[in-house]
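Add 2 to the 1-based position in the sequence shown for this note's numbering, that's all there is to it.
Not one of these hints is a red herring.
Mimicking BS3-like on lysine-lysine, the simulated pairs with C-alpha atoms at most 25 Å apart in a straight line are:
no., residue 1, residue 2
1, Lys506, Lys184
2, Lys183, Lys501
3, Lys353, Lys266
4, Lys470, Lys346
5, Lys486, Lys160
6, Lys470, Lys310
7, Lys183, Lys91
8, Lys397, Lys425
9, Lys314, Lys91
10, Lys314, Lys266
11, Lys183, Lys266
12, Lys353, Lys314
13, Lys239, Lys260
14, Lys397, Lys119
15, Lys183, Lys160
16, Lys91, Lys184
17, Lys314, Lys486
18, Lys501, Lys160
19, Lys505, Lys486
20, Lys359, Lys183
21, Lys183, Lys239
22, Lys486, Lys91
23, Lys417, Lys433
24, Lys244, Lys183
25, Lys486, Lys183
26, Lys359, Lys263
27, Lys346, Lys359
28, Lys353, Lys258
29, Lys501, Lys184
30, Lys184, Lys160
31, Lys486, Lys184
32, Lys266, Lys244
33, Lys263, Lys314
34, Lys183, Lys263
35, Lys470, Lys91
36, Lys397, Lys433
37, Lys486, Lys501
38, Lys353, Lys470
39, Lys506, Lys244
The set of hints was computed from the structure by calculation and includes no laboratory data.
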Amino acid sequence: MSSSNKPLLAPDRPSSEHSFEMSASEEDTLLTGTRAREASPQRRSPFWREVGLFIWAVVATAAVIILGVLTQHRRETTPGDVGNKPSGKRNLVFMVSDGMGPASLSLTRSFRQYEGKLAIDDILQLDQHLIGQSRTRSSSSLVTDSAAGATAFSCGLKSYNGAISVLPDHTACGTVLEAAKKAGYLTGLVVTTDLTDATPAASLPIVVDLMLGGGRCHFLPNTTEGSCRKDTRDITKLAQEKYGWNYINDRAGFDKLKLGKDVKLPLLGLFAGSDIPYEIDRRNQNDIYPSLDEMARTALTALEAATKDSDKGFFLLIEGSRIDHAGHGNDPAAQVHEVLAYDKAFGSVLKFLAESKDEGVVVGTSDHETGGLSIARQNNPTYPEYLWYPEVLSKATHSAEHLGFELFDRAEAAKSTSEDIEKFVRNTLVKDGLGITDAKDDEIPSGRRSAGALTVHSGVDVNIYGSKGSEKLIGNHENTDVGKFLREYLDVDVEAITKELNKKSSAFGVASVGEGWTGPIPTEEEMLKAADHYDASLNHRRH
Numbered sequence: 003m004s005s006s007n008k009p010l011l012a013p014d015r016p017s018s019e020h021s022f023e024m025s026a027s028e029e030d031t032l033l034t035g036t037r038a039r040e041a042s043p044q045r046r047s048p049f050w051r052e053v054g055l056f057i058w059a060v061v062a063t064a065a066v067i068i069l070g071v072l073t074q075h076r077r078e079t080t081p082g083d084v085g086n087k088p089s090g091k092r093n094l095v096f097m098v099s100d101g102m103g104p105a106s107l108s109l110t111r112s113f114r115q116y117e118g119k120l121a122i123d124d125i126l127q128l129d130q131h132l133i134g135q136s137r138t139r140s141s142s143s144l145v146t147d148s149a150a151g152a153t154a155f156s157c158g159l160k161s162y163n164g165a166i167s168v169l170p171d172h173t174a175c176g177t178v179l180e181a182a183k184k185a186g187y188l189t190g191l192v193v194t195t196d197l198t199d200a201t202p203a204a205s206l207p208i209v210v211d212l213m214l215g216g217g218r219c220h221f222l223p224n225t226t227e228g229s230c231r232k233d234t235r236d237i238t239k240l241a242q243e244k245y246g247w248n249y250i251n252d253r254a255g256f257d258k259l260k261l262g263k264d265v266k267l268p269l270l271g272l273f274a275g276s277d278i279p280y281e282i283d284r285r286n287q288n289d290i291y292p293s294l295d296e297m298a299r300t301a302l303t304a305l306e307a308a309t310k311d312s313d314k315g316f317f318l319l320i321e322g323s324r325i326d327h328a329g330h331g332n333d334p335a336a337q338v339h340e341v342l343a344y345d346k347a348f349g350s351v352l353k354f355l356a357e358s359k360d361e362g363v364v365v366g367t368s369d370h371e372t373g374g375l376s377i378a379r380q381n382n383p384t385y386p387e388y389l390w391y392p393e394v395l396s397k398a399t400h401s402a403e404h405l406g407f408e409l410f411d412r413a414e415a416a417k418s419t420s421e422d423i424e425k426f427v428r429n430t431l432v433k434d435g436l437g438i439t440d441a442k443d444d445e446i447p448s449g450r451r452s453a454g455a456l457t458v459h460s461g462v463d464v465n466i467y468g469s470k471g472s473e474k475l476i477g478n479h480e481n482t483d484v485g486k487f488l489r490e491y492l493d494v495d496v497e498a499i500t501k502e503l504n505k506k507s508s509a510f511g512v513a514s515v516g517e518g519w520t521g522p523i524p525t526e527e528e529m530l531k532a533a534d535h536y537d538a539s540l541n542h543r544r545h
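Given the sequences, and given the hints that come with them, work out the whole structure.
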């Protein structure tokens with residue numbers, strides 16, 4: 003007989019203090035009287051799935067972190083993103099600030115802040131787009147001239163001082179402008195010096211659709227007043243009658259262009275006998291000479307309109323040419339106004355690109371620095387008291403060049419005496435022109451402004467400026483890298499132009515061993531003796 007307190011359905015089994023840990027299968031066995039089969043691997047899989055998912059998540063997270071670190075490192079160490087180049091229609095504006103070094107920007111920034119009563123953090127347009135620096139040496143010297151510097155940009159190759167689109171072995175090199183024209187781009191040049199000067203000359207074969215600048219004397223026959231040609235050829239007439247160019251030579255003709263809204267290409271605009279006057283002087287002659295900014299905006303609008311139905315855009319070179327001349331002339335008052343004019347044009351290009359429906363980029367740099375400009379001087383040899391007075395520059399109303407012309411005219415006057423000239427210098431030139439009322443005979447030229455300079459080129463690195471799309475030029479580069487960027491952005495074949503040029507030169511027998519386009523290959527010593535391109539002749543500069 004069974005005990006009354008013994009469960010009827012429960013079989014006999016030993017009790018255990020751990021009986022609460024009974025598994026579900028054991029419980030089923032006790033309740034049903036049948037023993038469950040051993041759990042299959044499938045029934046145990048949820049646990050292992052969770053383990054696997056956890057391991058996969060850890061590995062994936064680690065991979066993402068590593069990939070992110072590598073990508074960031076690549077961005078920080080690689081000069082640019084190769085994916086930035088557009089695949090379709092594009093426009094390229096290349097701006098050259100001839101002779102402008104880093105000190106020129108410091109000089110101009112301080113001057114602008116003083117004159118405009120601006121805050122110390124109010125900076126130039128250029129300052130906001132600084133991306134790198136360029137090393138400027140040529141193949142023959144640590145200090146380049148404008149010819150070799152321009153060749154580095156146009157050909158993407160080093161050459162010797164004095165060489166324009168010619169290599170050290172005296173063979174010709176194709177230019178990015180030639181290659182762009184052959185690829186179907188429209189091309190343009192805007193300068194404030196002669197169109198035949200070194201920088202534009204390096205890009206000035208018969209492949210330009212628009213040219214605006216100075217240098218009219220080089221196009222007029224020697225029978226014409228203001229000509230600097232040695233023959234009787236009238237290049238302006240030849241361009242119009244034989245090649246269909248439109249020609250303008252004064253402010254009235256320029257104004258009819260309506261800042262590019264009414265332009266027929268090809269167009270040649272020559273607005274001065276030689277260089278367009280320094281901006282400090284031009285601003286008082288605005289009815290005679292257009293500004294760099296006006297010419298740049300005209301070129302941009304005209305080229306965009308002319309390419310609206312084309313699958314190719316345009317390549318435009320804009321040069322702030324006379325920054326270099328101000329450096330040669332050791333004229334900081336002229337220089338700050340030249341840099342400001344260039345900065346304004348740079349801002350207009352940025353505005354144009356932002357509003358254009360086509361892809362585009364602007365890159366700006368200098369071929370070299372001129373003048374070895376230093377800002378401030380130490381007043382006390384034993385105590386670091388430094389002097390730099392931008393207000394002295396703000397008092398100047400004209401460039402030293404303009405004042406020199408006035409002195410030249412006065413000295414040539416038939417009835418001028420030495421006393422008249424001395425009075426003219428003190429009152430008209432020094433007092434009115436430079437704003438100095440207490441000049442002393444023993445003062446050195448840079449004593450008032452507390453700035454020092456040479457009158458030649460220097461070898462310092464120069465700045466590179468760029469808009470979105472110019473990331474490949476971030477950092478420090480050889481000047482030839484700038485030239486290579488130009489051709490890569492436009493996707494043009496400069497090497498093919500070079501081969502074509504040298505093939506033609508061989509066919510015509512103008513390039514043999516030891517001989518080239520312009521005669522025997524110069525020796526290393528001759529390469530170093532490059533003449534300065536700044537011509538101070540008074541015969542044609544004023545017309």
